[in-house]
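Let chain A serve as the given structure and place chain B on it in line with the hints.
There are 2 protein chains.
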Amino acid sequence: MGISVDTFFLKPGGQGTLQAQIQQMIAEGILSGRFHVGEKLPSSRKLAAHLGVSRITVTLAYTELLANDYLTAKGRSGYYVSQNAPVPPKYTPVQRSEETVNWDAALARRFSDGDFLAKPPDWREYSYPFIYGQADRTLFDHANWRLCAVRALGHKDFDSLTGDYVDQDDPLLIEFIARHTLPRRGIAARPEEILITLGAQNALWLTSRILLGHGRKAAIEDPSYYALHELMRCSDASMTPLRVDKDGLPPESIPDGTDVIYTTPSHQCPTTATMPVARRHDLLKRARELDAMIVEDDYEFEMAFLGAPSPALKSLDKDGRVVYVGSFSKSLFPGLRLGYMVGSEPFIREARALRSLVFRHPPGHIQRTAAYFLSLGHYDAQIRRMSKALMQRRKTIEDAIEANGLTVAGRGVFGGSSMWMKAPDHVDTAELAKTLQNQSVHIEPGAAFFSGPDRPRNYYRLGYSSISADRIPAGIERVAAVIRAC
Amino acid sequence: MGISVDTFFLKPGGQGTLQAQIQQMIAEGILSGRFHVGEKLPSSRKLAAHLGVSRITVTLAYTELLANDYLTAKGRSGYYVSQNAPVPPKYTPVQRSEETVNWDAALARRFSDGDFLAKPPDWREYSYPFIYGQADRTLFDHANWRLCAVRALGHKDFDSLTGDYVDQDDPLLIEFIARHTLPRRGIAARPEEILITLGAQNALWLTSRILLGHGRKAAIEDPSYYALHELMRCSDASMTPLRVDKDGLPPESIPDGTDVIYTTPSHQCPTTATMPVARRHDLLKRARELDAMIVEDDYEFEMAFLGAPSPALKSLDKDGRVVYVGSFSKSLFPGLRLGYMVGSEPFIREARALRSLVFRHPPGHIQRTAAYFLSLGHYDAQIRRMSKALMQRRKTIEDAIEANGLTVAGRGVFGGSSMWMKAPDHVDTAELAKTLQNQSVHIEPGAAFFSGPDRPRNYYRLGYSSISADRIPAGIERVAAVIRAC
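Line by line, the protein sequences are chains A and B. According to full-length UniProt numbering, the first sequence is numbered sequentially starting from 1. According to full-length UniProt numbering, the second sequence is numbered sequentially starting from 1.
Don't take each hint at face value.
Same chains, same names: a pair is fine if it fits in one copy or spans any two.
Pairs of lysine to aspartate or glutamate residues, derived as DMTMM-like cross-links and limited to a Cα-Cα distance of at most 25 Å, are as follows [to be verified]:
#: 1; residue 1: Lys-388; residue 2: Glu-28
#: 2; residue 1: Lys-395; residue 2: Glu-477
#: 3; residue 1: Lys-119; residue 2: Glu-345
#: 4; residue 1: Lys-46; residue 2: Asp-470
Quick caveat, the hints were computed from the structure, so don't treat them as lab data. Just so it is clear, the structure is predicted and the values come from calculations on it, not from any experiment.
So that you can see chain A by itself, here it is in the shape it has in the complex (with noise of 0.2 Å):
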């Protein structure tokens, strides 16, 4: 029996070629149990002219699946579903019935309770996306990317892109970061102090798992990344919110006894302040007092527009007790999900086997396309692009800002994506980013930024990363409208 042409329809919107889309419907129909083995095909003629595509396109998509043997073609007489084709399951799935777990007993851990910024999954298609840390399709090197990631795909690549490293990483893109990336942050590191990781958000979680736990003293900036807070969390580890002032982080506000100081120096986050290179060393010096160590955050460095970064801390650490973090994330993509650490070998080495026992390895192919990319040039070029771009958008924030009568609570000075801002005291900026969602605006509310019960509910976070100069002035007025209203 034939299968009626009826049966096929190609999605409004649907992704890929035309020749992918027939291709795909047709391997799916057959895995789906719906075409069984032996039926035959509507002729190409046929099908072409219901679909309304060329004949060649629907014969080039039949010509790939007799390829992979979903099809058999017999003569003259057409294409039929294989005898080898996949079969469509054999099992009927069981109808749960009650489950009956005592799920209060059986989760020794919960994780599912934590505080996390909520980014509308459709910011892309706010009017006013004052949105952090998300790639612009406008300033992303996209054609080049796919260059990279196309030569990655390569037979010469074919071990790098389907082995198991086990622990290790590529040697490409170790060896970019050693003698390129970390000596402009002033870090001189060996192949065997670097690690690979999935992110910073990984990283940071690594050095907890390998610090922290039952017993030990974590000091954190308050504000900070509100994702460190649920890393404390679940360290179960003791933790002190350390309120940061301008220059950042205090060194003698940080208590005896504490084992680990989490710390963003370059720039503060939320507040974006750079600490003095004297205050500095009298962190390290403190930290040597204590035996503590230091985890460094050094995120955004390459969004220095305004002014050169400081050298990270690292680079001024002869004690070997600051964890180096950085991130590809913000200047390239996220959804990339890569980024690096740098430390002494004897916590590497536990970073290495901790990450191996969790993944193993950050995926192959990504590690190497990020190698060509930042070896051919294309990273630092991207970097510059994006940093003008960013220089004209942070001259045009804070002239509207300033137009508007907004409050800065902090820029940073040598550049960065985004401005720290405070409302009025009574205004609960959870509320102000409701209210302005409806009117197209994004702003990040900044209260997960705090620690403890008596959060500040009144400052909130204006990433520009993400939103065309020419958006900013209205975008601006709109928060300051709603704000005046409150």
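Same frame as chain A, but now just chain B:
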């Protein structure tokens, strides 16, 4: 001043096109500070002659660097390092003096003393690689994987490539797994019951963090997947190894008080035993008595070339107490780092939150590439191609084993990609493996799969997924010869 043509060398065996190599060489010269702003590059004619390449190759490399603003062109006088080119590091890296960290105190937990199965990094050079779980160049459909990856790099997929999914996954991949992959194992699952992981290792780790902890009791098979021992050790739970028989894990041996049971019912690792359906029901019954969770590692079900695989244990689970773990590492390639887990919603909710904390999500691009590869039918075509080859290799290896008088301890009844072997009692297979290494034969010693102090040392595993059939007989002869000489 001009940059001398003599400072340019093409590395022998360098990767990528000649144009890319030249571009990279110049970009690295600038990034490392060897070439300075305003310096003149050699003319394309001169550099081409020096390197022995065509002039157009050099010109194209220069043009690309011009576009990236590394170089500027001044009329007819040539190419110069651009004013806007990235600047080399400003800071002199600190020379580390003695490190002062007390690492014994600083490290809260240690992970680096685990028991990993050493795979020689150069195993592809071996004449007889009886290695397990690596990609076979001759069987993997590299061309179509590449096409799918390129499609997933397209403009339409920009968001899935670059976006931060936070705690979500690629909806296309989830949909395919729910609609096509799981029904073949008899499993019905909604999207919120599925989580994509960085390989099966990552899924197993997530279960250990969520279901285990201090005071909990785990039961594992003995022997079992070697990395499971390390997972158990790091979970702080107590662990009971249970000796498997020819039907896998005996349910009656599971002690009272057990909280979580780790099992490989369809294809016991490493003995390859398949658990009969009656015992599966007994296992579920025993778990219900104990109110215990079961983690089912359903590896290699795709490699069923001798008979249909049994439906998954999860397909019989009405209670919601089975967490199912699947992987694409064996059927695609391990460097992909892609697997998935299926469980009741309360469990997957925690796994999703923990994954988000640890690394957010597997990179969007690899998820989308896999979704295309699966939905276009390439995956099933590949499985059938692999199965054909594995069937031939299996027959060859069984014949060779018999001809050489070696002893099989377990062989997968429906297929698989390895044989579980037993040498005479006095043979230490770790020593055997070392001796064979000098003869270009790789085998896997079996002791790492066993638990406890008195591990049998005379078992070994022969993988046949990365050795061609024509190599197998000579390889087995060498194994047999060395065992006879022991």
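Checked hints:
1. Lys-388 <-> Glu-28: Result: close only across copies, 22 Å inter versus 47 Å intra.
2. Lys-395 <-> Glu-477: within (16 Å within a copy, 75 Å between copies)
3. Lys-119 <-> Glu-345: between (37 Å within a copy, 23 Å between copies)
4. Lys-46 <-> Asp-470: For Lys-46 and Asp-470, the Cα distance exceeds 25 Å both inside one copy (51 Å) and across copies (47 Å).
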